[in-house]
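Enquirer: Since chain U is already given, all that's left is putting chain A on it; use the hints.
Number of protein chains: 2
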Amino acid sequence: MVPLVECCRPMSDSQHPTVTGFRFGATACGIKPDGQLDLGIILAEDAVSVAGLFTKNRVKAAPVVLSMQRVERGRAQAIVVNSGNANACTGAKGMEDAKVITSIVADELGVADDMVLMASTGVIGQPLPSERIEQALPGLISEARPDRIDDFARAIMTTDRWPKVSSIKFPIGFEKEVTVLGVAKGAGMIHPDLATTLAFVLTDAPMHSSFLQRALSTAVDRTFNRLTVDGCTSTNDTIIAMSSSAVDSEPLRGSDRDARRFIDALVDVLGELGKRIVQDGEGARHVIQLEVVGAPSEDAALKVAEQIGRSMLVKTAIWGRDPNWGRMMAAAGMAGVAFDPDKVEIKFGKVTVVRDGVAVGREAEDEARRVMAEPSYRVQIKLGPGKAKATYLFCDIGEEYLRINASYRS
Amino acid sequence: MVPLVECCRPMSDSQHPTVTGFRFGATACGIKPDGQLDLGIILAEDAVSVAGLFTKNRVKAAPVVLSMQRVERGRAQAIVVNSGNANACTGAKGMEDAKVITSIVADELGVADDMVLMASTGVIGQPLPSERIEQALPGLISEARPDRIDDFARAIMTTDRWPKVSSIKFPIGFEKEVTVLGVAKGAGMIHPDLATTLAFVLTDAPMHSSFLQRALSTAVDRTFNRLTVDGCTSTNDTIIAMSSSAVDSEPLRGSDRDARRFIDALVDVLGELGKRIVQDGEGARHVIQLEVVGAPSEDAALKVAEQIGRSMLVKTAIWGRDPNWGRMMAAAGMAGVAFDPDKVEIKFGKVTVVRDGVAVGREAEDEARRVMAEPSYRVQIKLGPGKAKATYLFCDIGEEYLRINASYRS
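From first to last, the protein sequence lines stand for chains U and A. 43 is the number of the first residue of the first sequence in the numbering used here; add one for each residue after it. 43 is the number of the first residue of the second sequence in the numbering used here; add one for each residue after it.
Pulled out of the complex, with its shape left as it was, chain U reads as follows (with noise of 0.2 Å):
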């Protein structure tokens, strides 16, 4: 489960860890303007475990269709990735720049094409000045370095306000320590399923890819696919995970002490990596952790959850402070989940505002009012009996939302 939002602003991002095999890079190639980082690879230091989550969009972008075949394969040794521009509804050309860029780095590491995948995220249907990229790429490998993940983390930015890494260290086998270090752009378009337009997660821990693969999608069920920012979902969502197995021990498999402890790191890094996302919703004021609960399984719990997460009417009355709780009955209604509305309790922190499915009284909305201020807060619905339930993060949507999405390509 995702812990509770303790506040608005990301922890630091400067103490992150390295993982023993991988090196990162990061420049300024000109696909943004300003001359921001928007070139960034990942380099493995031998072909390495590899597994991968790509946008269920009818409509993928050109790297993502090119990563998914490479991906299959499960061994890999980079990751190409830019932003400012998706390479997206470029037809023919985007696929070719795609190959090209990939192709180039493969040639600089001496290793095969299919070895290399790519990631983009920016502006759909330009196209790509692979140009700028190509020259940028022989700078950008003999540049990269163990400890730049946070240059990484810059350049591979959109409308984010700030970059988003997360790590953890935890013991396997016989006293080996392993690291799970993750990284992320979010910020708009953000939606189940795949709550975020990009993420790598790098490890030293021993794994096959076919392990990998699972646990990757285990732990991204638990997270990622469990937040929203605005209910889009990009035709460049793309999550990679790599294991560089660079710690000896007995590679991780099916659900043995190690194993487990894997993927609840995995669900630590990717649920702290979403977390942060959705603080980061364009112009988002409030984080809601919301704990639908009561529910007769978890799959209704996860719809109810997800209607109201969703809501243009609660994501305006969040933004506004106004505990308008009816709106949230409305959302939850239309979930196709059998509940009985005059059972429902919602409460905002600590703050019952419904019992019966009816108002508990102005001084309670008065109290609702002063948890709303927080930036983050805790929201339960109570749908009845049930056993089951679910939690989702979404965030308010607000003035600063609509002036980004109204102007982010002019």
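Don't take every hint at face value.
Identical chains share a label here; the pair holds if one copy fits it or two copies do between them.
[Claimed, not checked] Below, a list of computed lysine-lysine pairs in the DSS-like style, where the Cα atoms sit at most 27 Å apart:
#, residue 1, residue 2
1, LYS385, LYS135
2, LYS98, LYS385
3, LYS345, LYS98
4, LYS74, LYS135
5, LYS385, LYS141
Honestly, the hints are just simulated from the structure, not real lab data. Please read these numbers as outputs of a predicted model, since none were measured by experiment.
Expert: Same frame as chain U, now just chain A:
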């Protein structure tokens, strides 16, 4: 099909005909704080044929539950409607209030309680100030007149900027003329299925309630179920049709010429009301008539249209007059419909901006920007070589939507 919206202002509502057998009343009973009309009534001279469609939301307001039961009988004589309070999520008291109010109307008319229907719209979760309504009922009924449809239209408004009335006359049988008169309130919480919070249609064409119900369902499916403002569905959505059968002709039935004419008339009247609802979407600056063509089936076309019409990223781009067709492609890709992105063609008005899935060029986008300055325009998306199509109305979302919805209750 909904006709193309010609401009963003409604036509004059002052010229609407009366419908033999119906009277309309309106008063300010003090639900709204500022002395605005907030209580209306539709009175038939006798028990008449009635049909209804109601919200599919699991959370239904008390008047919805009551009217759903009563419409089942196929006969009714009055509809009392209040604005300013939805009487939703109000528990046992809410149902008691609706019963007492309809009972008072029934007493005044000297008919059985279940001949009176009720509809409410406004804030959810606050007890109805039922005494104010009860005291106002005798005057409301005694002052009802055949030509007060405009007052009634104003009495059912909430955040609407203007009243919404539409009518049509057409011949049936042996040189007889019948009238269809519709009235609606919209603005916010507009989404299929049931696109408006409240709509009422009156006619003097002769028919039994079974035909009226079928005709209403058909017409709503072709109009109100094909438009969206914000993707939210209310607890109170209600469409009720009544026929006084005052015109002396064969009752309409089956699918003969007169029956088809009546359904066409209903489509015209509801289509016109639907168009005005979208025009009056909270803070809307632009109304888009979206045409999805070249689809494998009408259902597929409709699914793609709904995804595009609901997308916050599309709505904000429309608001910002940015021909950001990539967002439309991304939204279309989430419809669960199989199509080849490399075959897609997109037009703003007559300007083709995308051909074979890629941008035509900057000049075309500049031309499209000029189209997007219009208060209403057509967007056409051709998915591929299919023969099926669907039309859908939606509006943009701008700062005013946020202002209205962040502060609606306070």
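Enquirer: A separate judgement is required for each hint: does it hold in the structure or not?
Expert: Do the hints match the structure? See the list:
no.	hint	result
1	LYS385 <-> LYS135	between (57 Å within a copy, 15 Å between copies)
2	LYS98 <-> LYS385	between (36 Å within a copy, 19 Å between copies)
3	LYS345 <-> LYS98	both (18 Å within a copy, 16 Å between copies)
4	LYS74 <-> LYS135	within (20 Å within a copy, 60 Å between copies)
5	LYS385 <-> LYS141	between (57 Å within a copy, 22 Å between copies)
Of the numbered hints given earlier, the model fails none.
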